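Novice: What follows is each chain in one-letter form.
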Amino acid sequence: MRLLLVWVGAGSLLAWSGHAVAADADASPDAPPPPEKPSRVWLARAGVGLGFATQSQQEALVSAESFGGPRFHVSAEVARMLTERVGLGVLGMYGWREAGVDVGSDHTTTLSQPPVYAEQFAGAALEVPIVFDLGPRRSAEVSLVPFAGLGSGGVGLYRSGPWHGGPLFGGSLQIFAPRAYLGAALGAYFLPLPPPGRTGGHNDLGSYFFSLIVGLDAG
Amino acid sequence: MPAERAARNPRRRALFALVLATACVSGPEDEVGVTAPRYLDQLCANDAYQLQGSAVRTTGITDDSCGFVLGPGAGSISFDITIPAAFDSYDVSALVTERGKTSWVSLASGVTPAGYGGAAGIGSFTLTTDGDEKEVSDVRVRGVAYPSCSVSRRARRR
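Chains as they are written, first to last, in the working numbering: chain R, 114 to 332; chain Z, 22 to 179.
Just so you know, the hints here were simulated from the structure itself, not pulled from any lab data.
Fair warning: this is a prediction, and the values are worked out from it, not measured in the lab.
What you were told as hints is all true, and nothing was included just to trick you.
Over 12 Å on every C-beta distance to chain Z, these chain R residues come out as not near it, computed from the model:
{"id": "1", "residue": "R250"}
{"id": "2", "residue": "P291"}
{"id": "3", "residue": "Y294"}
{"id": "4", "residue": "P305"}
{"id": "5", "residue": "F323"}
Not the full set, but computed from the structure, chain Z residues with beta-carbon under 10 Å of chain R:
{"id": "6", "residue": "G54"}
{"id": "7", "residue": "V55"}
{"id": "8", "residue": "V90"}
{"id": "9", "residue": "P105"}
{"id": "10", "residue": "L116"}
{"id": "11", "residue": "W125"}
Ideal Cβ positions, reconstructed from N, Cα and C, are used throughout, including at glycine.
Working from the sequences, and respecting the hints, build out all of it.
Specialist: As structure tokens, this is what we get:
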């Protein structure tokens with residue numbers, strides 16, 4: 114207990130002395146202005162989202178076959194703010210879809226059990242978040258987050274198909290409440306890949322998505 | 022039982038028959054059956070096809086599925102397909118990509134041949150090319166079973 118009192122007392126003394134030094138610096142007219150320091154240094158976000166598949170020749174074939182369904186993804190990102198508004202970070206993503214058959218019409222039945230068209234991808238990218246504050250006392254942030262990197266993915270009907278690599282790029286518009294550690298995002302990503310089979314078409318495992326975010330501003 | 026009550030009264034009986042006849046005209050709706058996606062994989066697994074000319078078997082829309090490429094050059098592919106006995110009419114189509122455009126191309130359609138006689142019938146359905154490359158990704162059989170409806174007189178109780 115005595116140790117805790119000493120630790121709290123020392124902390125208070127340090128905080129008071131810091132204020133005093135800052136006040137002295139402010140008082141001196143000759144002193145150079147302090148460098149602009151970002152009020153947040155680190156941004157950490159994790160998200161889970163779903164969306165519509167981006168257009169591609171392969172998606173046209175898959176739709177013609179009556180396979181359909183949303184694409185899902187999870188993401189994690191960490192960025193360091195370089196200035197008050199602009200940061201630099203890394204983003205990791207994993208996405209998947211298990212597209213079932215949607216015959217869609219009444220009085221229509223399929224005569225056999227179809228396979229499931231399954232997709233998976235993983236990717237990593239560099240991102241440049243551009244952050245704007247909303248409301249008094251920064252109650253919310255709006256961020257524009259473009260990103261570009263590399264991804265790899267595969268599709269298969271009866272087993273997991275071979276994975277192919279390609280560029281992963283896109284962007285999102287995020288709204289985040291730092292005090293609630295919660296937010297949401299709208300965006301798009303693209304992962305163009307070669308045809309997964311001889312009669313398949315140019316593929317893209319991207320999505321126009323909505324996601325829910327949890328996160329933290331630190332520093 | 023309304024039907025038995027109607028049977029006792031001639032006027033009610035006539036009204037009951039009229040309601041039944043109306044029901045026959047307006048429904049139930051035609052039953053449509055369609056083969057599930059990747060029916061072509063079943064045909065490939067059963068070797069239910071013949072290739073001629075430039076036609077070759079390849080992978081399909083994925084690395085683990087079946088597809089065919091016809092051309093460049095003349096060629097054809099014939100599929101041996103079973104038309105389910107329940108169909109009164111049918112349409113056999115192939116999912117074909119030609120010059121970057123993908124569509125279902127009808128190979129044959131019509132009324133189920135009377136010769137099938139209530140049993141499933143096997144037909145041969147052919148896609149040809151005279152030179153252009155065609156990629157075949159799947160085959161689909163779509164059939165319609167029309168509802169049967171009859172009103173017959175009840176046997177009299179002795």
